[in-house]
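Read off the chains here:
Number of protein chains: 2
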Amino acid sequence: MNYKIPLRDIRFVTQELLDSPTHYSKFTKGQAADPDTVEAIFQEAAKFCENELAPLNQSGDEEGCHFEDGVVTTPKGFKEKYDDFVANGWPSLCGPTEFGGQGMPESIGLIMMEMMISTNHSWSMYPGLSSGAIKTIYTHANDNIKGRFMPPMVEGKWTGTMCLTEPHCGSDLGLLKTYAEVDASSEEDGAYVLSGSKIFISSGEHDLADNIVHIVLARLPDAPEGIRGISLFVVPKFEVNQDGSLGERNGVSCGSIEEKMGIHGNSTCVINFDSAKGYLISQPHKGMRAMFTFINESRLGVAMHGQAHTSVSFQKALAYAKDREQFQAAKRVNPDRPADPIIHHADVRRMLLTQKAFAEGGRMLNMFCGQQVDIEQSPDFSAEEHAQAEALLAILTPIAKGFLSETSMEATNYGIQILGGHGFIKEWGMEQEVRDARISQLYEGTTGIQGLDLLGRKILKTKGAAIAPLMEMFDDFIGENRWNKNARRFKKYFKKWKSLTRSTGFKVMRGGMDELNAAAVEYLMVGGYVTLGYFWSRAAIVAEEAIESGKGDAEFYQAKIEMANFYYERIMPRVESMIESIGNGSESLMSMDVERFVFLDD
Amino acid sequence: MNYKIPLRDIRFVTQELLDSPTHYSKFTKGQAADPDTVEAIFQEAAKFCENELAPLNQSGDEEGCHFEDGVVTTPKGFKEKYDDFVANGWPSLCGPTEFGGQGMPESIGLIMMEMMISTNHSWSMYPGLSSGAIKTIYTHANDNIKGRFMPPMVEGKWTGTMCLTEPHCGSDLGLLKTYAEVDASSEEDGAYVLSGSKIFISSGEHDLADNIVHIVLARLPDAPEGIRGISLFVVPKFEVNQDGSLGERNGVSCGSIEEKMGIHGNSTCVINFDSAKGYLISQPHKGMRAMFTFINESRLGVAMHGQAHTSVSFQKALAYAKDREQFQAAKRVNPDRPADPIIHHADVRRMLLTQKAFAEGGRMLNMFCGQQVDIEQSPDFSAEEHAQAEALLAILTPIAKGFLSETSMEATNYGIQILGGHGFIKEWGMEQEVRDARISQLYEGTTGIQGLDLLGRKILKTKGAAIAPLMEMFDDFIGENRWNKNARRFKKYFKKWKSLTRSTGFKVMRGGMDELNAAAVEYLMVGGYVTLGYFWSRAAIVAEEAIESGKGDAEFYQAKIEMANFYYERIMPRVESMIESIGNGSESLMSMDVERFVFLDD
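Protein chains in written order, with the numbering used here: chain S, 42 to 643; chain R, 42 to 643.
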C-alpha cells in the first residue's frame, strides 16, 4: 500500500489544537498563510509527496547512490523529481521575499518537511539541508555574500550542506582540525582558503543542483583551543563571481560515499577541502554559536524524521492488521471464516496504538515547535514573546529530537513485528522504515548529547530558569482545566517530572558530571513522555469540546479521547521505571574498572 | 576487530555457576563430557568459529544467496567451510552413537551453537536446522526411516529444514492447506505424496549438502479442521532408496528466495511440493505435538541468536569505547590529551553494561536450559527429575526466546549508538548485528506468541502448576541464601512477579482472551527480567564465594558482583512500569473501533 499524508490529522493539530488561524494573524509573515492558502499548499504538497516522491522511496533504497571519480549520481528519478520540485517553486516556499522567496511562515515549511520525509526520507534530505544552510547564511553572512548566494539557494538551483564531523571528532567538535587562512590572492573581505577533511556530510555531493554550498566549521590560525576556537565559513563547490555567476571549480571534492544501514538514496560523503576558497560568516571564533542556527533547525528536522517514520510504519502496519486473518478474536468478527483480522487481537492493538501515540503525539509536539519558530523569527512579536518562544524551543528541541527518534525505533520495529515474517522481507517496505529511521538517533547529536544539552546545558546550568516557561505553560493548562480528567492525569506525571528535575539537580550538584551523564538519557525520555502526555491531554480536551459543540466528525474526536486513555494507561507508566533507575544514581555505572568489562583468553 | 569467543565466561557459567562436572557425572551420555574433553571441544570450536566462520560474516551479508532456475548458491566460502565442518566431525558431536554420532550431551552442542551464531548467524542456520530435523526424526520416525535418513544427516552430508509457514498462515498453523495422500504407487508403509507451498523456509535450498530433508506439516484427507488435523512428514529433496542411497529428484522445488533485512547468507525459500514423496512420522493428525520436538529446540536456538548478537555487539562496542576519545571524563584519564576514551562517560557505560547484562545473563539462562535438555533427554534420570526438567523448560523456553530476542534489539542498537555515526556505516559491522538479530523476535513464534504460550497455555491453563517447579527453585535459592544481599534483592522482585501472576490470572478469569492478550508480552518481559535477576544474583553469590575462598582471578569475580549491582539498580526497575501497565488491563486497547485508528482523506 502507499502512504497517504494524514491531512485530517495535520488539520486537527494545526487548526484545532494549535489554533493556527489566530497564530498566523499575529504577524506580518503569517498573514500570507490564510486558511485557504494553507489548505491549498497542504493539498498540493501531499499530492507531490504521494505521487512523485513515494514511488522512488523503495527503488532509491535498492539502488543507492553511485560514486565514480568524485562524481555522485543519485538513484534513478531523484534528479527529475528535484527539477519538478524546483520548477513548481517548492524550495522557495518559506524563503525570504527579498531573495525571491515566497515568505510563508516556517511552520508551513515544517509540515511540508514531514510530508517529504514520510514519503522519501533520503530525497528529502537534499532540500532539507539546503533549508538550514539558507537560514544560516541569511542570519550570519554579510550583504555581499547574501546577494550572491541566497537567490539560487532559495530558488533551489543550488543546495547546501553542513560540514561539522571529522574522522576523529563527532560529538566533541572542540577537537576539529580543518583550518582556514586568509586568502592572500583575494581582495575580497572575509575571503579565506580552507583545508581539511570532513566526513558524514549528508547531500555533500550529488547531481541535483548546479552548485553545492558547504557551511563549514574550521579553525583560524590564531584560534583558541577547543570549542571556543571554531569559525564558520561558506565554501561553494563552484566559486561564485561577484555577479553571482558560477566561476571555476573550487578546491572541494568528494573522496567517497558511505555504505550505510539506511537512507541509501542520500549521499553521505567524505568532503575534502584542499585550499578551497571560502568566506567567513559571523565573527572569528564564534562559529559554533552561529552554527547553532543550523543545528537547532536540523534537530527539529530530525525530530520530524523520527515522527514521520513512525507515522508511515503505523499506517502500513494498520492496513496489514486489518487485512491479515490469523486466529479467532475473543469476540468473533468473521464468524463465517476460520480466523479474524489480527487488529482484533489485543497485543497487535498494543503495538498499533503505541505507534499511533507517538506518530500523532509527535506531530503535535513538532507543530507546536513550528509555531514557536515562527514567533522566534518574526520581528512582530515582543521581546517577552521572543524570549518565551526561545525558552520553549531550548527545552523542546532536544526533547523532540531525542524522544521522537528513540520512539521511532520502537515504533518502526513494531511495524515489522505486526507483519511477522513479512515485516523482515524487503518487499513490504517495513524494514526500510527501521533502517532509515535508525540514523535519527545519531545525527545532529546522539540521544546522549540531547540529554546532556537538555539536563546539563539548558536546565541545570540556568538553575531551572530555562525550563520555567514550559513549566508555566503546563501549570496554566492544569489551572485552566482543573476539573478535567485529562488535565488531572497530566498533573500527576508533570509533578513527577518536576520532582525528578529537582532531585536530579541535587544529585548533580553533589556528584558532578558523572551523575549528569548517568541520568541524562532517561531524564530526557521522562521529559518526552510527560510532554507528549501534555499534548494528548490537550488533544482529548479539544476533542471533548468538539463533541460537545456538536460540530460533527464525532468518530474522529472520539478516537483522540480514546488515545489519551491508552496513552495514560499503557504508555505513561514507563516513566516510573526511569525515575527509579535515575534515582539509583551513577555508582553502579562508574564503579567497574575498564579492564573488568570483559575477560578474554589470550 | 574480530569477535573472540568469551571462553572464560562460558567456563564460569558452565563449571562454576551450573557445576557441569557434577551434572555430567549423573548420566551415561554425560560421562563422555569429562572436563578435559569439554575444554578441548570448546577450544577447537572457538578456533573454528573465530578463524573460519567469522571472516565470512560480513562478506556473506554483502553477497547474499543467489537464485537461478531453482538452484540456490550460498555466498563465497560458505560451502568450503561447511565441507571442513563435516570433515572435522562437528555435525555429529551430539548425534546418537547408533547412527554415527559422538553422543555428547546436548548442552555441549548448545554452547557450540552460541559460538557459531555469534561468528556467523547465517551460516550457523544450515547445521542449526539440521539438528532439529535430526532430533525430530530420531524421536518420531520408525526404524526404517531412521536407518535411511539418520546416518547422513548426523554426519552432516545431508541437512534438514522445518516447513510450517504458508502464505496465508504464519502463527496460526491451524489454517494450513498443504495436503498429503497415500502414495498408491508405493508399497512402503507410511508413504505419501504431498502437494502445497511453504514459505520462509530457512536453509530450504542450498549448495552445501547432497540432500535436504524437509520436515513438513500437512493435512491428511480425513483430517479434522484446524490445529488438530495436522500431520508430520519427512520429505527429501532427493528420494532415498531402501539402502540409503540417493534416488531421483523428488517433487520438491525452490520457487524463489526472499530479499530480507538481514541474515542474507541464509537462504529463505519458497518450497513447492508437487506430488512429492514423503513419509508420515508420528501419528496421523498428531503432527503438531511431534513438531514441538523441533519447535522447542528451535526456540532455544533463537534465544541463543538473541544472546549471541548481544554478546558480539557488546564486545565490539566495548573495543570502540576504549579506543575512541571524545570529551573529557569527570575524572581525567588522559590528562595529556584533549579527550578521554568514551568508556569513561557514564552514558556510554550505561549502554555497555546493559549489553553485558543481557549477554552474560542470557548465557546463564540459555546454558541452564541446556542442562535441563540433557536431563529431559537422558533415560538415566528419574521420572520426577524428568518432570521437573520438562516443567522448567516449558516456562523458560518462551521466556528465553522472547526476552533474549527482544533485548537483543535494544542491545545491538546500543552497539550502533556507542559508535555514533560509525555505527550506521556498514564497514564497522554494528548495523549488521541489528539486522541479523531482528529476525529472532519473529521466527519460531513472535514475542506475542511466546507471551501467549507462557502466560496462557503454560501458566494459566495449568492453574499455575506448570510454573511451580521454577518458583520452587527460586524459593529454594532465597532460602539457602537468606542473609545474602543478592538473594534478598532477588526476593523482592520475585515476589512482584508472583503477585503479578496471581493478579493477571484473576484478570484473565474475568476478562478472557483479551486480557490475556493484553498482558502477555509485558508479562513475559517481567518474567525475563526477574529470571535474569535470579541468574545475576546466583552469579554474584558464586563470585563472592570465589573471592572469599581466595582461588584467584578476583577481578573477574568482582566484575560479576558489580554487574549484579548494575542489574538491580538500573535494569530491574523496568518491571515496575510493566506491572503498572498490565494492571491497567485491556480496556484502553480494545475500546477503539477498527475504523477509528486512522482518518485519511479520500
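Heads up, a few of these hints could be off.
Since the list gives no way to pick one copy over another, a pair counts as held whenever it fits inside one copy or between any two copies.
Said to hold, decoys possible - Simulated pairs of lysine-lysine, DSSO-like, Cα-Cα distance not exceeding 30 Å:
#, residue 1, residue 2
1, K363, K548
2, K120, K499
3, K363, K504
4, K187, K526
5, K548, K372
6, K198, K537
7, K372, K504
8, K88, K548
9, K467, K122
10, K548, K533
11, K363, K218
12, K536, K67
13, K548, K532
14, K176, K363
15, K548, K526
16, K467, K504
17, K548, K45
18, K327, K526
19, K504, K592
20, K117, K539
21, K548, K592
22, K536, K70
23, K176, K467
24, K533, K117
25, K117, K467
26, K537, K548
Since the hints were made in silico from the structure, they are not lab data.
The hints, checked one at a time:
1. Within a single copy, K363 and K548 get their C-alpha atoms only as close as 49 Å, which misses the 30 Å cut-off; across copies the closest is 27 Å, which meets it.
2. For a Cα distance limit of 30 Å, the shortest separation of K120 from K499 qualifies neither inside one copy, at 41 Å, nor across copies, at 57 Å.
3. For the homomeric pair K363 and K504, neither the shortest alpha-carbon distance inside one copy (50 Å) nor that between copies (33 Å) is at most 30 Å.
4. In the homo-oligomer, the alpha carbons of K187 and K526 never lie at most 30 Å apart, since the shortest distance is 52 Å inside one protomer and 67 Å across protomers.
5. Taking CA atoms no more than 30 Å apart as the test, K548 paired with K372 passes between copies only; the shortest distance there is 17 Å, against 51 Å inside one copy.
6. Proximity of K198 to K537 under the C-alpha cut-off of 30 Å is found in neither arrangement, the shortest distances being 50 Å within a copy and 63 Å between copies.
7. For the homomeric pair K372 and K504, the shortest alpha-carbon distance between copies (24 Å) is at most 30 Å, but the shortest distance inside one copy (54 Å) is not.
8. Neither within a single protomer nor between protomers do K88 and K548 lie at most 30 Å apart by alpha-carbon distance, with minima of 52 Å and 48 Å respectively.
9. Taking the shortest Cα distances, K467 and K122 sit within 30 Å of each other both inside one copy (24 Å) and across copies (28 Å).
10. Taking the shortest alpha-carbon separations for K548 and K533, both the intra-copy value of 23 Å and the inter-copy value of 26 Å come in at or below 30 Å.
11. Taking the shortest alpha-carbon separations for K363 and K218, only the inter-copy value of 22 Å comes in at or below 30 Å, while the best intra-copy value is 55 Å.
12. In this assembly of identical chains, the alpha carbons of K536 and K67 never lie at most 30 Å apart, being 33 Å within a copy and 58 Å across copies at closest.
13. In this assembly of identical chains, K548 and K532 lie within 30 Å of each other by CA distance both inside one copy and across copies; the values are 24 Å within and 28 Å between.
14. With identical chains, the CA atoms of K176 and K363 are never at most 30 Å apart, being 44 Å at best within one copy and 38 Å at best between copies.
15. Proximity of K548 and K526 under a CA criterion of 30 Å is satisfied inter-copy only: 25 Å between copies versus 33 Å inside one chain copy.
16. For the identical chains of this complex, K467 and K504 are neighbours neither inside a copy (49 Å) nor across copies (42 Å), given an alpha-carbon limit of 30 Å.
17. Taking identical chains as interchangeable, the C-alpha atoms of K548 and K45 are never at most 30 Å apart, the minima being 47 Å within one chain and 39 Å between chains.
18. In the homo-oligomer, the alpha carbons of K327 and K526 never lie at most 30 Å apart, since the shortest distance is 49 Å inside one protomer and 54 Å across protomers.
19. Taking CA atoms no more than 30 Å apart as the test, K504 paired with K592 passes in neither setting, with 45 Å inside one copy and 51 Å between copies.
20. Taking CA atoms no more than 30 Å apart as the test, K117 paired with K539 passes in neither setting, with 51 Å inside one copy and 58 Å between copies.
21. In this assembly of identical chains, K548 and K592 lie within 30 Å of each other by CA distance neither inside one copy nor across copies; the values are 51 Å within and 39 Å between.
22. Neither within a single protomer nor between protomers do K536 and K70 lie at most 30 Å apart by alpha-carbon distance, with minima of 38 Å and 61 Å respectively.
23. In this homomeric assembly, K176 and K467 never come within 30 Å of each other (Cα to Cα): the closest approach is 37 Å inside a single copy and 33 Å across copies.
24. Proximity of K533 and K117 under a CA criterion of 30 Å is satisfied in neither setting, with 52 Å inside one chain copy and 59 Å between copies.
25. Taking the shortest alpha-carbon separations for K117 and K467, both the intra-copy value of 19 Å and the inter-copy value of 23 Å come in at or below 30 Å.
26. In this assembly of identical chains, the alpha carbons of K537 and K548 lie at most 30 Å apart whether taken from the same copy (16 Å) or from different copies (29 Å).
Checked against the numbered hints given earlier, this structure breaks hints 2, 3, 4, 6, 8, 12, 14, 16, 17, 18, 19, 20, 21, 22, 23, 24; the rest are met.
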